[in-house]
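Chemist: Residue numbers (my numbering), protein chains in the order written: chain G, 417 to 551; chain U, 85 to 467.
Derived by calculation from the structure, the hints in this document are not laboratory data.
C-beta atoms are modelled at their ideal positions from N, C-alpha and C, and glycine is treated no differently.
Warning: the hint list may mix true and false statements.
According to the in silico footprint, chain U covers these stretches of chain G (three or more CB under 8 Å from chain U) [said to hold, decoys possible]:
(1) 456-464
(2) 478-490
Anything over 10 Å on all C-beta distances counts as not near chain U; from chain G, calculated [claimed, not checked]:
(3) 425
(4) 432
(5) 434
(6) 437
(7) 438
(8) 514
(9) 518
(10) 535
(11) 542
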Amino acid sequence: MTLPGVGKSILIADDEVGFRDLFCFNLEPLGYEIVAVVDGLEALEMLGKRSFDLVVLDVHMPRMGGPEALATIRELRPDQRVIVLSSSSDASHSFESRATASGALACLFKPVELDELIGAIESAFASSPTTGGSR
Amino acid sequence: MTIRRRTGQLPAGARVVRVVALVTSTGIYALLFLPLHRLLGVPAAALGVLPVFLAGALFGEIAGVAWGSLVLFPLLLIQFRIAGDPSSPMGLLAASLTCSLVGGMVGRLRRYRMALEERQAQLGASNAELATALENLSKTQERMLQSEKMSAVGQLAGGVAHEINNPLGVILGFAQGMERRVPEGDALRLPVASIVREALRCRNLIQELLTFSRTAKKTTEEVDLNAVVRSTAVLLEARAKTQCVEVVQELHEPLPALCANKTQLQQVIVNLGTNAMDAMSGGGKLTLRTRLNGGGKVVLQVADSGTGIPEEVRARIFEPFFTTKEVGKGTGLGLSLVYEIIQQHQGNIAVESQPGKGTVMSVELPAAPVTVDTARAAGGGLS
């Protein structure tokens, strides 16, 4: 049985330990390599050290939130695949379109169902890495 | 009824009438009573009492008692002298004074009575106005209280919901992850599946609460209510079929555009429609109706042929968390959300219900202000 995530790395930035653990628990069994950090600054630091196939950014984080981190990531790595994970208080079309306009492949709203999350990650990998900014 | 500003004043028309009557009565006296006096030999003063009284009354009414006697006395003196009446000038003065005094007082009393009646009528009218105002006030107060309560609950609920959202997300996520790994038939399958099911239930409630508290921040656009009703009816029909409910649309065309949030309007129709269908478990007819009312407002009605709402429940249906449905079936937020949305749109919602016959929910929304474009289009159509 081939796992869909083998050989693919995901960087997750979320300030809540519950979500970091949750990502590891649910995605590692699918073969993904998961690295979890607590905010945008750490995410940028990590991206400076090595590359990831996908970055998942929470929106509200101390020190540096998802949107700011995304803007810097776009400068450093224009074709980085990014998914924005927001809390439901932002749930609106305008937020979603802002997130996708700034280069996120998808914008999910917590609490996100596992199937939805895995679906979004799989379709992010299915897309070519350069499409992010042009969508 | 005309309203006089002061009780002591007669309208100009009435003054003229009285002056004419005064002159006429003096004329009648001269024409009728003087010949009578000559013929019968009765003292003119005795015959003159009635017209003098009348004249006094009229004068009293017009000019007051003092002026009445001042004018009457020389008048009588001249007339009586002409008639050859032997009455003394002092006697005539006393007679004219008495007559005009009594007449004037009667006149005054008459006027006071009239004024009193008028005042009474005015008082009655303002009493009625006051009662209406009071009723409006208490209705407004009730509405304010309701919307106050809503926004307080909304804020509280929104805050709590937001805080619960993330921990719930973690619980749900782990539970769903476990559910995938626990094989069918495993002893842990039931507890894990239960956690997932209940967490989803919580999530739905949280979503409703968040929608509820977020209603103020939505954007509005020009919306055709009929189009929203048509598209939403499709959503309702799916469920209607399963319980033998016929969905009927009675749409008034054309309707002026509304300045509204489309998604919220849809939510209003879905919530009202769902409630209506809940009241028709044995089948029935769900009518979605639009029309224009007299005030240029657009009305949306959702009518059902269901069980109706008992009087004691009707007062509470818009309260947050009030539900008559069994635990787990209703959150008690559906109608309060509708209420909140209608409030946001400067509209009104009214309930008419007859237990056993059905319920009509009427939503009244103001039409969008006519924009330059639509005004031009309308003008172009006319010319």
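Chemist: Could you tell me which of the numbered hints above are not met by this structure, giving the numbers in increasing order?
Modeler: Failing hints, ascending: 1, 2, 4, 5, 6 and 7.
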